[in-house]
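For reference, each letter of the sequence shown is one residue, going 1 to 236 in the numbering used here.
Do not rely on the hints blindly, as some may be mistaken.
[As the list claims (entries may be wrong)] Simulated restraints, written as ranges between beta carbons of each label pair:
no.: 1; residue 1: K12; residue 2: N54; range: 56 to 62 Å
no.: 2; residue 1: E220; residue 2: S140; range: 49 to 55 Å
no.: 3; residue 1: A219; residue 2: G5; range: 41 to 47 Å
[Said to hold, decoys possible] DSS-like cross-link-like pairs, simulated, lysine-lysine; straight-line CA separation at most 30 Å:
no.: 4; residue 1: K12; residue 2: K135
no.: 5; residue 1: K76; residue 2: K234
no.: 6; residue 1: K115; residue 2: K12
no.: 7; residue 1: K105; residue 2: K155
no.: 8; residue 1: K135; residue 2: K105
no.: 9; residue 1: K115; residue 2: K155
no.: 10; residue 1: K105; residue 2: K12
no.: 11; residue 1: K83; residue 2: K12
no.: 12; residue 1: K83; residue 2: K19
no.: 13; residue 1: K83; residue 2: K155
no.: 14; residue 1: K13; residue 2: K115
no.: 15; residue 1: K105; residue 2: K115
no.: 16; residue 1: K83; residue 2: K13
no.: 17; residue 1: K13; residue 2: K155
no.: 18; residue 1: K222; residue 2: K76
no.: 19; residue 1: K115; residue 2: K187
no.: 20; residue 1: K135; residue 2: K115
no.: 21; residue 1: K105; residue 2: K19
no.: 22; residue 1: K105; residue 2: K13
no.: 23; residue 1: K181; residue 2: K19
no.: 24; residue 1: K76; residue 2: K12
no.: 25; residue 1: K187; residue 2: K222
no.: 26; residue 1: K155; residue 2: K222
no.: 27; residue 1: K115; residue 2: K222
no.: 28; residue 1: K234; residue 2: K222
no.: 29; residue 1: K187; residue 2: K234
Quick caveat, the hints were computed from the structure, so don't treat them as lab data.
Backbone N, C-alpha and C fix where the C-beta goes; we use that ideal spot for every residue, glycine too.
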Amino acid sequence: TPASGGGYGMVKKAEELAKAHGWFLTRQFENEANPEYHANTTGPEILSAFVGRNLDYWVTGYGTGGTFAGAGRVLKSARPDIKIILSEPSNAPLVTSGVAQEREKDGSPASGHPKFTSHPIQGWTPNFIPLVTQKGLDDSVADEVITIGHEEAMKTALLLASSEGIFAGISGGATLATALKVAESAKDGSGILAMLPDTMERYLTTPLFQSIVSDMNDAEQKIAESTPNYILPKQN
1 TPASGGGYGM VKKAEELAKA HGWFLTRQFE NEANPEYHAN TTGPEILSAF VGRNLDYWVT
61 GYGTGGTFAG AGRVLKSARP DIKIILSEPS NAPLVTSGVA QEREKDGSPA SGHPKFTSHP
121 IQGWTPNFIP LVTQKGLDDS VADEVITIGH EEAMKTALLL ASSEGIFAGI SGGATLATAL
181 KVAESAKDGS GILAMLPDTM ERYLTTPLFQ SIVSDMNDAE QKIAESTPNY ILPKQN
């Protein structure tokens with residue numbers, strides 16, 4: 001769909017197609033089965049991994065909000081003292097703006113959110129606040145909402161890859177960058193879990209890799225020429 005319509009246009013196009021062709025529309029942005037699935041799977045998996053360990057903060061972004069609302073509800077129930085931190089792009093501060101999302105009667109967006117501007121943190125924050133996300137907010141699942149810039153997100157994703165060998169996407173970098181902010185003020189010994197939802201190889205053609213050239217640089221060319229055979233010609 002055209003970029004001008006954003007996520008709202010994507011949703012409306014899907015509705016048109018489903019109506020015209022009799023297709024099943026999942027309505028993942030409104031469907032209660034979305035957070036319920038995470039309440040039955042992701043939340044318990046996290047709790048199982050942290051048996052006998054501190055879990056003081058859980059940091060996550062939102063796309064549909066299913067992970068946030070569903071897993072968050074379970075974590076709150078099992079660990080009442082946990083602080084759940086929701087993150088969104090600094091140039092798309094929909095939740096932190098306090099501006100309500102206009103909705104249709106079925107809960108779907110009636111328009112794009114006025115505080116949205118385009119951002120490269122793919123999978124995060126469409127140009128509307130999903131109903132699933134809003135219900136999580138209304139249920140006080142989030143203790144705090146922190147915004148993060150896309151440049152810091154990409155820098156953190158690359159740092160994670162180079163220093164820890166963990167290949168996360170832009171949204172993963174954004175989540176970790178937010179978690180690092182949380183760590184600055186958290187008590188010593190706090191357990192902080194950052195949700196890294198995607199892997200880096202899906203982002204090879206995105207701005208995440210814009211600093212990496214496809215051809216050999218001068219240093220690499222020099223290494224190739226240090227032995228006499230099988231040398232690629234220099235690219236013009």
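Assess, step by step, whether the Cα of K105 is no farther than 30 Å from the Cα of K13, and give holds or violated.
Holds. K105 to K13 sits at ~18 Å (cutoff 30 Å).
E220 versus S140 beta-carbon gap, inside 49 to 55 Å or not
holds, 53 Å
Hinted pair K222 and K76, Cα distance within 30 Å
violated, 57 Å
Are the Cα atoms of K12 and K135 separated by 30 Å or less?
Holds, at about 21 Å.
CA of K187 to CA of K222, is that 30 Å or under?
Judged against 30 Å, a Cα distance of about 49 Å means the pair is violated.
Do the alpha carbons of K83 and K12 lie within 30 Å of each other, as the hint requires?
It is violated: about 35 Å lies between the C-alpha atoms, which goes past 30 Å.
Please verify whether K83 and K19 have alpha carbons no more than 30 Å apart.
violated, 42 Å
Between K115 and K155, is the straight-line Cα distance small enough, at 30 Å or below?
Satisfied, since the Cα-Cα distance of roughly 25 Å is no more than 30 Å.
K105 paired with K155 [C-alpha distance capped at 30 Å]:
Not OK: K105 and K155 at ~41 Å, beyond 30 Å, violated.
If you draw a straight line from the CA of K135 to the CA of K115, is it 30 Å or shorter?
Measuring from Cα to Cα gives roughly 20 Å; hence the hint holds.
Under the criterion that the straight-line Cα-Cα distance not exceed 30 Å, is the pair K234, K222 satisfied?
holds, 11 Å
Given the hint that K105 pairs with K12, test it: the Cα-Cα distance must not exceed 30 Å.
holds, 14 Å
Hint violations for this structure: numbers 1, 5, 7, 11, 12, 16, 17, 18, 19, 23, 24, 25, 27, 29, all remaining hints satisfied.
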